[in-house]
Structure formats: structure tokens, C-alpha cells
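> Model the full assembly from the supplied sequences, consistent with the hints where possible.
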Amino acid sequence: MAHRIFQTPFAAVYPHYLAKAERKGHTKAEVDEVIRWLTGYDQHGLDRAVAEQTDFETFFAEAPALNPNAPLITGLICGIRVEEIDDPLMQRIRWMDKLVDEVARGKKMTSILRA
6 MAHRIFQTPF AAVYPHYLAK AERKGHTKAE VDEVIRWLTG YDQHGLDRAV AEQTDFETFF
66 AEAPALNPNA PLITGLICGI RVEEIDDPLM QRIRWMDKLV DEVARGKKMT SILRA
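In the working numbering, the protein residues as written are 6 to 120.
Among the hints, a few may not be true.
Straight-line C-alpha distance at most 25 Å; calculated PhoX-like pairs for lysine-lysine [what the hints assert, rightly or not]:
| id | residue 1 | residue 2 |
| --- | --- | --- |
| 1 | 103 | 33 |
| 2 | 112 | 25 |
| 3 | 25 | 103 |
| 4 | 113 | 33 |
| 5 | 113 | 103 |
| 6 | 29 | 113 |
| 7 | 25 | 113 |
| 8 | 29 | 103 |
| 9 | 112 | 33 |
| 10 | 29 | 112 |
Note that these hints are calculated values from the structure, not bench results.
Quick caveat, the model's predicted, so the values are computed rather than measured.
In C-alpha cells, the structure reads:
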């Protein structure tokens, strides 16, 4: 059975990503940058996914190009190691969560983007 988050609109979670970063003094532009880096969406495509209430499954299925360095995203999110998640879609969602967490924590963008 598919996890409930897969059918959740990306637009339902996106404001929480922004709020998390903004509470810590970071910007929408920074959050958007890491999401675009991960998914290959341009800003227009990202804005459209939000406006059209695209669910996470479709959001990642239609992502132009998952970043080849995405597997370098490691660590804990909700007590689970992202590199050990078996389901590819859940892993991508958790990668995005991890990137937003790193923005909120003030990690340098070059580190976040695995440069």
C-alpha cells in the first residue's frame, strides 16, 4: 500500500518548508534553490507544481532531472537514515526534507548542494 504522503499535494507541505527556513532567518529563494537543485525544475515549473496542487508522486515523476549528486544526501530525518530508505519516492521526499532542514540550520549552500 502506498504511503499517504505520496498523494499529498506538494503545495500542502511547501508552506511548511518555507516557514521552517524563514523562522531561522532564511529565505524562500534559498528553499526554492535547493528544491530546484534536487529536482531539476526551473522556478516556473516549481511555481506551477504549487499552483496546480501536484501530489508528491507526480511532482517527482515529472521532475525534469533528479540531481546526480542526490545520493550524497545522508543523515537522519525523523530518526531515519535517508540513505537507508528502500522506497525510491519516499527517499526523494526525505532528501528534500533534509535539504530544507540544512537551509534552516544555516549550513553553507555549497555544502547543501553537495558541490
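> Going back to the hint list, which numbers does this structure go against?
none
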